[in-house]
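Construct the entire structure; sequences and hints are all you get.
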Amino acid sequence: MYNQTEIIKDTSELGADGELVINMGPQHPATHGVLHLVVTLNGETIKKIEPHLGYIHRSIEKMCESLTYRQFIYVTSRMDYLSSHINNLGCALLVEKGMQIEVPDRAKYVRVILSELTRIASHELWLGAMAMDLGAFTPFFYAFREREMITDIMEDTCGARLTMNYIVPGGLMYDLHPDFQKKVKAFITQFKSKVTEYEDLVTNNVIFQSRTKGVGILSAEDAISYGCTGPVARASGVSCDIRKIYPYEVYDKVEFDEVLETAGDSFARYMVRVKEMNQSIRIIEQLIDNIPEGDFVGKTKNVLKLPKGEFYTRVETARGEFGVYVVSEGGTTPHRIKFRSPGFSNLSVLNHISVGSKIGDLMASMGTLDLVIPDIDR
Amino acid sequence: MFSLEGITTNVQDWLLMKFNPTMALAIECVIVILLSISLFAILGLVLVLMERKVAAHIQIRLGPNRVGPGGMFQTVADTLKLIMKEGLTPDKADKFLFNLAPFVVMMVGMLLLAPIAFAKNFQIWDINIGVLYISSVSSLSVIGILMAGWASNNKYSLLGAMRSGAQIVSYELSAGFAVLTIVVLTGSLQISEIVNAQQNGWWIFKGHIPAVIAFVLYIIAVTAETNRAPFDLAEAESELTAGFHTEYSGMRFALFFLAEYINIFIVCAIGATLFFGGWMPLHIGNWEAFNHIMDYIPSSVWFMGKTFFLIFLIMWFRWTFPRLRVDQLLNLEWKYLLPISLFNLLLVAVIAILGWHF
Amino acid sequence: MTNEEIKEYITTLAPAATFDETGEWLNILVTAEELKPLMLALRNGKMQMNYLFCLTCVDFKTHLTMVYHLSATTHRQSIVIKANLNREQPVVETICDIWRTAEFLEREVFEMFGVHFSNHPDLRKLILEDDFKGYPLRKDFEDPINMIKL
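Residue numbers (this note's numbering), protein chains in the order written: chain A, 1 to 378; chain B, 1001 to 1358; chain C, 2001 to 2150.
Derived by calculation from the structure, the hints in this document are not laboratory data.
Where a beta carbon is used, it is the ideal one built from N, C-alpha and C, also for glycine.
Fair warning: there could be bad hints in the mix.
In silico contact screen, one side only, chain C against chain A (beta carbon under 8 Å); selected entries [to be verified]: (1) THR2022; (2) GLU2024; (3) PHE2053; (4) THR2056; (5) VAL2058; (6) LEU2126; (7) LEU2137.
What follows is a set of in silico ranges between Cβ atoms, one per label pair, in the way DEER data are often shown [stated by the list, open to error]: (8) A:THR196 x C:PRO2144: 51 to 61 Å; (9) B:VAL1046 x A:VAL195: 29 to 39 Å; (10) A:ASP200 x C:PRO2144: 50 to 60 Å; (11) B:VAL1046 x A:THR203: 27 to 37 Å; (12) A:LYS275 x B:ASP1295: 52 to 62 Å; (13) B:PHE1312 x A:SER193: 23 to 33 Å; (14) B:ASN1331 x C:ASN2086: 53 to 63 Å; (15) A:THR196 x B:LYS1095: 53 to 63 Å; (16) C:ASN2003 x B:ASN1331: 55 to 65 Å; (17) C:THR2002 x A:SER193: 47 to 57 Å; (18) A:LYS48 x B:TRP1334: 23 to 33 Å; (19) B:ASP1327 x A:LYS192: 30 to 40 Å; (20) B:LEU1035 x A:VAL355: 51 to 61 Å.
Calculated pairs, PhoX-like style, for lysine-lysine (alpha carbon to alpha carbon, straight line, at most 25 Å) [stated by the list, open to error]: (21) A:LYS358 x B:LYS1335; (22) C:LYS2061 x C:LYS2133; (23) A:LYS47 x B:LYS1155; (24) A:LYS308 x C:LYS2139; (25) A:LYS97 x A:LYS62; (26) A:LYS97 x A:LYS108; (27) C:LYS2061 x A:LYS305; (28) C:LYS2082 x A:LYS308; (29) C:LYS2082 x C:LYS2139; (30) A:LYS308 x C:LYS2007; (31) C:LYS2125 x A:LYS62; (32) C:LYS2082 x A:LYS62; (33) A:LYS97 x A:LYS299; (34) A:LYS97 x A:LYS301; (35) A:LYS358 x A:LYS48; (36) A:LYS213 x A:LYS275; (37) C:LYS2061 x A:LYS308; (38) A:LYS213 x B:LYS1335; (39) A:LYS47 x A:LYS358.
Structure (structure tokens):
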């Protein structure tokens, strides 16, 4: 561990030409979790940002090497806890792909509906937290009002509000709650009537626009080179929606648009997420009345064994492309597992987009990258 | 009719009867000091509760509702907690300045109370340069903030203090010019005369467009001067943790916190005095009956009502807008507000000379 | 491009490459020395592989294998490049000048597997503490306190 005096010596000295080094985090109101940024400043202007990770590192990849293919899915809920359902889905898809397990249609539909609900919940939380970073406290409560309905639906469905663990290889853990469709429809009505409040309070706010427009500009080439995915890349005009490019489950049967913006600044990233919530609503509307009857879980063996070889699946979480890479030796546990987490790549771009801007701009850039620290540290 | 004026006159007469004039003055001083300290305490409790209730209402939640009826004693409990807490002084801080800073900020608030007319003829010191006194004393609070930021030996505090210094010094100009518009219309710097000039209508109605512009400028500038959102860069929570008071805890933090609310009260009181007639009741032209009814409402109620309306306005800003960036903040002042203020002053001078106001 | 064409193309770039088509994507195994020139050619040549979506390392107990998943945003064809490394002294050329995302991913592999990336601009530990001993994701890593044997 660090020696305490070393930390003091390390950061309290001024740099060569009057540089000021401040430690932003691991306890800082804007880093949402335990991200630690060592920011080098010249006055208020940022010269360099260096992320120090690992405050919530649990070595999930190592842990998974000793867990069976049924068990390891639930550890991934603890990575990107805001899209835990989609993480679980990615892992379940890998096991199903490796063992050629047939998934009943009912399970596929429910998985997609819950994925989209998770995405909306995640974006809602992001919206509130980001507005709070920029100093507006009120949107947080408005966003949580709608998010609360989703977490209630989740709670009815699988007993948990955040780390859902609803998916098993081959289908779902339980059948749906009888009130599921009614509640989801109530949510859609509520969301559609309230989404204009965000526009009034945040999107059309002059101060908000001046804080985010032209801030943290990321070009399309850089977005690809840095491996950015999800809303961050789509705001730069890079088409990267896994749901469109490599459709999984029933995404090829529903109509929705991939939201693309071209500006690449913080405001574009904001707009992509807000529009994506509407697209998610559109997907749910198409599926909610057509959930087929039947089994909710397919037939699987009791002990799952992946054949020898390498497997890779990817899903679109709220933050971007989540990839699972498994090297199997043919046993009941993976030989090596690697999670390609979207947050990790999105974080690596932070230094690039914030150098030369003010500390206030860092909040806008960092907020719109939507970093979830357990996802980065794993 | 109930009036605070009667009480003060009675007290003074009684003191002069019992003691010699010097002694009476000294006793009056003690009374005034006690009164203003208790006013501070009460204002702190009321305004913090009001802020939390206003925020809760805007944010579709209930706010404090556990301690006492409707959460009325929540701030009392909070104050007790803050008094009990240990006031930590950082190891490498400049101890003397660190401990002095909260008192400087507090003292500025206390000094500003002197010329404010709380009710008809109820004023601590009706100094003939009242408005000038307010402008000059209120700019002293920046010294306390810079002192706190520098003495804490913390980089966040230092950044916050520097921001605050730049901000307060800049916005002082607009606030000053906005106040000057009213001085030009009235022709006097004395608070009592400014209030009396509004007997047949408040300046915001009488002063045509320049007075309205001046009022808008004044509200923006004082929001910035008191470090309130959307101009709360000095304590920008998400950027600088807590800005200049990062290292303060316990009662010393509470003093900063209290000083913020007292400052809001004072700037709103001045705003109410200048633009809304202070304790002057609402009078409309020749509506004798209406004016008569209005006169029955005590002058202190008028004053407090106007002040609290402006305080509500400032709280409303805070819970609606995101924060500005530091360069945008200074751009707003130097590129927009200051030229508008100068032009507005010119306009009001023309109006005053030609006598176009009512 | 079909797999055959890719194979042909890569054989011209790296003659010693061996191919494996059993998985989902074409796997290409090259030596550590051939890796950097091949990567440069894949990025800038006619394949235009501009998107490195996964970079990791696998410990096979006898050797370490670097695994690079490449794709392109234009034609969306994915290939996997692998390079076997000596377990005692794993050294490979960095590719973070080709894909910027590799900078952080290589730092992670460096601390977790002990692979040394030559010419990496800032090869320090990213997640673990600076004085952490051992390489946690290697199969022979032992931590009697924090690891639970199942």
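For each hint, the structure was consulted:
{"no.": "1", "hint": "THR2022", "verdict": "6 Å, holds"}
{"no.": "2", "hint": "GLU2024", "verdict": "6 Å, holds"}
{"no.": "3", "hint": "PHE2053", "verdict": "6 Å, holds"}
{"no.": "4", "hint": "THR2056", "verdict": "4 Å, holds"}
{"no.": "5", "hint": "VAL2058", "verdict": "5 Å, holds"}
{"no.": "6", "hint": "LEU2126", "verdict": "6 Å, holds"}
{"no.": "7", "hint": "LEU2137", "verdict": "6 Å, holds"}
{"no.": "8", "hint": "A:THR196 x C:PRO2144: 51 to 61 Å", "verdict": "58 Å, holds"}
{"no.": "9", "hint": "B:VAL1046 x A:VAL195: 29 to 39 Å", "verdict": "37 Å, holds"}
{"no.": "10", "hint": "A:ASP200 x C:PRO2144: 50 to 60 Å", "verdict": "58 Å, holds"}
{"no.": "11", "hint": "B:VAL1046 x A:THR203: 27 to 37 Å", "verdict": "36 Å, holds"}
{"no.": "12", "hint": "A:LYS275 x B:ASP1295: 52 to 62 Å", "verdict": "58 Å, holds"}
{"no.": "13", "hint": "B:PHE1312 x A:SER193: 23 to 33 Å", "verdict": "28 Å, holds"}
{"no.": "14", "hint": "B:ASN1331 x C:ASN2086: 53 to 63 Å", "verdict": "59 Å, holds"}
{"no.": "15", "hint": "A:THR196 x B:LYS1095: 53 to 63 Å", "verdict": "54 Å, holds"}
{"no.": "16", "hint": "C:ASN2003 x B:ASN1331: 55 to 65 Å", "verdict": "59 Å, holds"}
{"no.": "17", "hint": "C:THR2002 x A:SER193: 47 to 57 Å", "verdict": "52 Å, holds"}
{"no.": "18", "hint": "A:LYS48 x B:TRP1334: 23 to 33 Å", "verdict": "30 Å, holds"}
{"no.": "19", "hint": "B:ASP1327 x A:LYS192: 30 to 40 Å", "verdict": "38 Å, holds"}
{"no.": "20", "hint": "B:LEU1035 x A:VAL355: 51 to 61 Å", "verdict": "55 Å, holds"}
{"no.": "21", "hint": "A:LYS358 x B:LYS1335", "verdict": "20 Å, holds"}
{"no.": "22", "hint": "C:LYS2061 x C:LYS2133", "verdict": "19 Å, holds"}
{"no.": "23", "hint": "A:LYS47 x B:LYS1155", "verdict": "16 Å, holds"}
{"no.": "24", "hint": "A:LYS308 x C:LYS2139", "verdict": "18 Å, holds"}
{"no.": "25", "hint": "A:LYS97 x A:LYS62", "verdict": "22 Å, holds"}
{"no.": "26", "hint": "A:LYS97 x A:LYS108", "verdict": "14 Å, holds"}
{"no.": "27", "hint": "C:LYS2061 x A:LYS305", "verdict": "21 Å, holds"}
{"no.": "28", "hint": "C:LYS2082 x A:LYS308", "verdict": "17 Å, holds"}
{"no.": "29", "hint": "C:LYS2082 x C:LYS2139", "verdict": "19 Å, holds"}
{"no.": "30", "hint": "A:LYS308 x C:LYS2007", "verdict": "23 Å, holds"}
{"no.": "31", "hint": "C:LYS2125 x A:LYS62", "verdict": "18 Å, holds"}
{"no.": "32", "hint": "C:LYS2082 x A:LYS62", "verdict": "21 Å, holds"}
{"no.": "33", "hint": "A:LYS97 x A:LYS299", "verdict": "14 Å, holds"}
{"no.": "34", "hint": "A:LYS97 x A:LYS301", "verdict": "15 Å, holds"}
{"no.": "35", "hint": "A:LYS358 x A:LYS48", "verdict": "11 Å, holds"}
{"no.": "36", "hint": "A:LYS213 x A:LYS275", "verdict": "17 Å, holds"}
{"no.": "37", "hint": "C:LYS2061 x A:LYS308", "verdict": "16 Å, holds"}
{"no.": "38", "hint": "A:LYS213 x B:LYS1335", "verdict": "20 Å, holds"}
{"no.": "39", "hint": "A:LYS47 x A:LYS358", "verdict": "9 Å, holds"}
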